[in-house]
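Here the protein sequences come in this chain order: G and W.
In my numbering, each residue carries its 1-based index in the first sequence increased by 171.
In my numbering, each residue carries its 1-based index in the second sequence increased by 171.
Check the hints yourself; a few may be wrong.
No copy labels: a pair is met if it fits in one copy or bridges any two.
Dumping the calculated SDA-like pairs for lysine to any residue here, alpha-carbon to alpha-carbon at most 20 Å [what the hints assert, rightly or not]:
{"no.": "1", "residue 1": "Lys315", "residue 2": "Pro303"}
{"no.": "2", "residue 1": "Lys187", "residue 2": "Ala248"}
{"no.": "3", "residue 1": "Lys315", "residue 2": "Glu268"}
{"no.": "4", "residue 1": "Lys315", "residue 2": "Pro326"}
{"no.": "5", "residue 1": "Lys315", "residue 2": "Ala237"}
{"no.": "6", "residue 1": "Lys315", "residue 2": "Arg242"}
{"no.": "7", "residue 1": "Lys315", "residue 2": "Trp351"}
{"no.": "8", "residue 1": "Lys315", "residue 2": "Thr284"}
{"no.": "9", "residue 1": "Lys187", "residue 2": "Asp289"}
{"no.": "10", "residue 1": "Lys187", "residue 2": "Asp375"}
{"no.": "11", "residue 1": "Lys187", "residue 2": "Leu374"}
{"no.": "12", "residue 1": "Lys315", "residue 2": "Asp345"}
{"no.": "13", "residue 1": "Lys315", "residue 2": "Gln188"}
{"no.": "14", "residue 1": "Lys315", "residue 2": "Arg360"}
{"no.": "15", "residue 1": "Lys315", "residue 2": "Leu301"}
{"no.": "16", "residue 1": "Lys315", "residue 2": "Glu359"}
{"no.": "17", "residue 1": "Lys315", "residue 2": "His190"}
{"no.": "18", "residue 1": "Lys187", "residue 2": "Thr320"}
{"no.": "19", "residue 1": "Lys315", "residue 2": "Thr343"}
{"no.": "20", "residue 1": "Lys315", "residue 2": "Ser238"}
{"no.": "21", "residue 1": "Lys187", "residue 2": "Thr384"}
{"no.": "22", "residue 1": "Lys187", "residue 2": "Pro303"}
Since the hints were derived computationally from the structure, they do not count as laboratory data.
2 protein chains.
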Amino acid sequence: MVPPVGRTAVRRLPEKQVHDRAALDAVLDAGLVAHVAVHDDGGQPYVVPVGYARDGDSVLIHGSTASRLFRSLAEGAPTCLTVTLLDGLVLARSVFESSMHYRSAMVLGMATTLEGPDQVRGLERVSEHLMPGRWADARQPSRKELAATLVLSLPLVEWSVKVSDGPPDDATDDLALPVWAGILPLHERYGQPTPAPDLRDGLDVPEYVRGWTRR
Amino acid sequence: MVPPVGRTAVRRLPEKQVHDRAALDAVLDAGLVAHVAVHDDGGQPYVVPVGYARDGDSVLIHGSTASRLFRSLAEGAPTCLTVTLLDGLVLARSVFESSMHYRSAMVLGMATTLEGPDQVRGLERVSEHLMPGRWADARQPSRKELAATLVLSLPLVEWSVKVSDGPPDDATDDLALPVWAGILPLHERYGQPTPAPDLRDGLDVPEYVRGWTRR
Numbered sequence: 172m173v174p175p176v177g178r179t180a181v182r183r184l185p186e187k188q189v190h191d192r193a194a195l196d197a198v199l200d201a202g203l204v205a206h207v208a209v210h211d212d213g214g215q216p217y218v219v220p221v222g223y224a225r226d227g228d229s230v231l232i233h234g235s236t237a238s239r240l241f242r243s244l245a246e247g248a249p250t251c252l253t254v255t256l257l258d259g260l261v262l263a264r265s266v267f268e269s270s271m272h273y274r275s276a277m278v279l280g281m282a283t284t285l286e287g288p289d290q291v292r293g294l295e296r297v298s299e300h301l302m303p304g305r306w307a308d309a310r311q312p313s314r315k316e317l318a319a320t321l322v323l324s325l326p327l328v329e330w331s332v333k334v335s336d337g338p339p340d341d342a343t344d345d346l347a348l349p350v351w352a353g354i355l356p357l358h359e360r361y362g363q364p365t366p367a368p369d370l371r372d373g374l375d376v377p378e379y380v381r382g383w384t385r386r
Numbered sequence: 172m173v174p175p176v177g178r179t180a181v182r183r184l185p186e187k188q189v190h191d192r193a194a195l196d197a198v199l200d201a202g203l204v205a206h207v208a209v210h211d212d213g214g215q216p217y218v219v220p221v222g223y224a225r226d227g228d229s230v231l232i233h234g235s236t237a238s239r240l241f242r243s244l245a246e247g248a249p250t251c252l253t254v255t256l257l258d259g260l261v262l263a264r265s266v267f268e269s270s271m272h273y274r275s276a277m278v279l280g281m282a283t284t285l286e287g288p289d290q291v292r293g294l295e296r297v298s299e300h301l302m303p304g305r306w307a308d309a310r311q312p313s314r315k316e317l318a319a320t321l322v323l324s325l326p327l328v329e330w331s332v333k334v335s336d337g338p339p340d341d342a343t344d345d346l347a348l349p350v351w352a353g354i355l356p357l358h359e360r361y362g363q364p365t366p367a368p369d370l371r372d373g374l375d376v377p378e379y380v381r382g383w384t385r386r
């Protein structure tokens, strides 16, 4: 249990903050895309979606050595990585109390670059998080591809997690209103795989792909 | 048609950049949650998920007057608002070319605070984007609730849109590999509405809620 401290402490709606590390891991392990920020010399922030994976006590992201975002992160720019899972709409009797069910994890810090065997292992970890079983089946990265790729590790030291769930929280005076209230859940599902137009004959969708599910 | 200029020009994978305003509107109109960044005096960025709506040539967001993010934005902090729709996984023959189908819109700028009738109209716009038909049914905000709410408008002046679609883009040498390749689409769906435990008798799920769909 690592309670968030200082600048990651949730000041708004603190009742939604969750302090245990297992909750952080659960959110990070359930998402596919993180939103990562850096700012330029003029103080303008940029928020970019990236694939990621949790790897023990770190979050790994990978990108091109030609990416400004990744170059900036590799140089030690302070960053924030946020993963949000949207779980539903909360329909309260009042517009004011209407909101969303969500789980959101925020990680602050500075990333370091993984090199050598750690770089390859990091890529495998991200690949296996997003597409479990694929690493052993697909062609693994060449030296040239590795040289064009930055794999960055952001430690899970300064973080916070917020979870919004439960029924609508209407004011007592609103409970008598003739307005339906409740939760409309939101799910993510994989559809039917579509083969590449230039797929070789005789190749079926792999069993490991058929086993992938969302929430 | 407003082509993105300067700092929103996409340098990485520029072939994925889409320059027409209709594409921007389509992404913003399809999403529910944006990731919004500000940074503190020490240069630490923060990325926070927020509900939003496009309103003509602006994006509107709303939050509490007690929120550091919203107060900072209301004071004119430069921000970046990014909306990402994840549409599927791209399974290439190589790990290197494996990626995702997505649509992502980034808006840079400074927000202004909506006041008076504009504030109420802005809240209605956000509510109707997320929950169409709800504004007329639910209890609308009181003066006290309005006083606790900031509604901010970010103009669609400096923006970029990236769209990744199409089949895997494997190197010619990889096409002969015995590896299945294709697209695994990802969909978002609403589930069955769950009534609030303290719902008054005799209220059914409204027709307008039953009509809500995702992608």
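We went through each hint and held it up to the structure:
Taking the shortest alpha-carbon separations for Lys315 and Pro303, neither the intra-copy value of 24 Å nor the inter-copy value of 50 Å comes in at or below 20 Å. Taking CA atoms no more than 20 Å apart as the test, Lys187 paired with Ala248 passes in neither setting, with 29 Å inside one copy and 26 Å between copies. For a Cα distance limit of 20 Å, the shortest separation of Lys315 from Glu268 across copies, 13 Å, qualifies, whereas the shortest one inside one copy, 53 Å, does not. Proximity of Lys315 and Pro326 under a CA criterion of 20 Å is satisfied in neither setting, with 27 Å inside one chain copy and 42 Å between copies.
When the C-alpha separation of Lys315 and Ala237 is checked against a cutoff of 20 Å, the pair qualifies only within one copy, where the shortest distance is 14 Å, while the shortest distance between copies is 50 Å. Only within a single protomer do Lys315 and Arg242 lie at most 20 Å apart by alpha-carbon distance; the minimum there is 18 Å, versus 47 Å between protomers. Proximity of Lys315 to Trp351 under the C-alpha cut-off of 20 Å is found in neither arrangement, the shortest distances being 59 Å within a copy and 23 Å between copies. Proximity of Lys315 to Thr284 under the C-alpha cut-off of 20 Å is restricted to the intra-copy arrangement: shortest distance 17 Å within a copy versus 50 Å between copies.
Taking the closest pair of Cα atoms, Lys187 and Asp289 never come within 20 Å of each other, the shortest separation being 36 Å inside a single copy and 30 Å across copies. Taking the closest pair of Cα atoms, Lys187 and Asp375 never come within 20 Å of each other, the shortest separation being 45 Å inside a single copy and 29 Å across copies. Taking CA atoms no more than 20 Å apart as the test, Lys187 paired with Leu374 passes in neither setting, with 48 Å inside one copy and 29 Å between copies. In this assembly of identical chains, the alpha carbons of Lys315 and Asp345 lie at most 20 Å apart only when taken from different copies (15 Å versus 63 Å within one copy).
In this homomeric assembly, Lys315 and Gln188 never come within 20 Å of each other (Cα to Cα): the closest approach is 44 Å inside a single copy and 25 Å across copies. Within a single copy, Lys315 and Arg360 get their C-alpha atoms no closer than 35 Å, and across copies no closer than 41 Å, so neither meets the 20 Å cut-off. For a Cα distance limit of 20 Å, the shortest separation of Lys315 from Leu301 qualifies neither inside one copy, at 23 Å, nor across copies, at 45 Å. When the C-alpha separation of Lys315 and Glu359 is checked against a cutoff of 20 Å, the pair qualifies neither within a copy, at 35 Å, nor between copies, at 37 Å.
Neither within a single protomer nor between protomers do Lys315 and His190 lie at most 20 Å apart by alpha-carbon distance, with minima of 42 Å and 32 Å respectively. Taking the closest pair of Cα atoms, Lys187 and Thr320 come within 20 Å of each other only across two copies (19 Å); inside a single copy the shortest separation is 37 Å, beyond that limit. For a Cα distance limit of 20 Å, the shortest separation of Lys315 from Thr343 across copies, 16 Å, qualifies, whereas the shortest one inside one copy, 64 Å, does not. For a Cα distance limit of 20 Å, the shortest separation of Lys315 from Ser238 inside one copy, 17 Å, qualifies, whereas the shortest one across copies, 47 Å, does not.
Proximity of Lys187 to Thr384 under the C-alpha cut-off of 20 Å is found in neither arrangement, the shortest distances being 27 Å within a copy and 27 Å between copies. Proximity of Lys187 and Pro303 under a CA criterion of 20 Å is satisfied in neither setting, with 31 Å inside one chain copy and 26 Å between copies.
The earlier numbered hints that this structure contradicts are 1, 2, 4, 7, 9, 10, 11, 13, 14, 15, 16, 17, 21 and 22.
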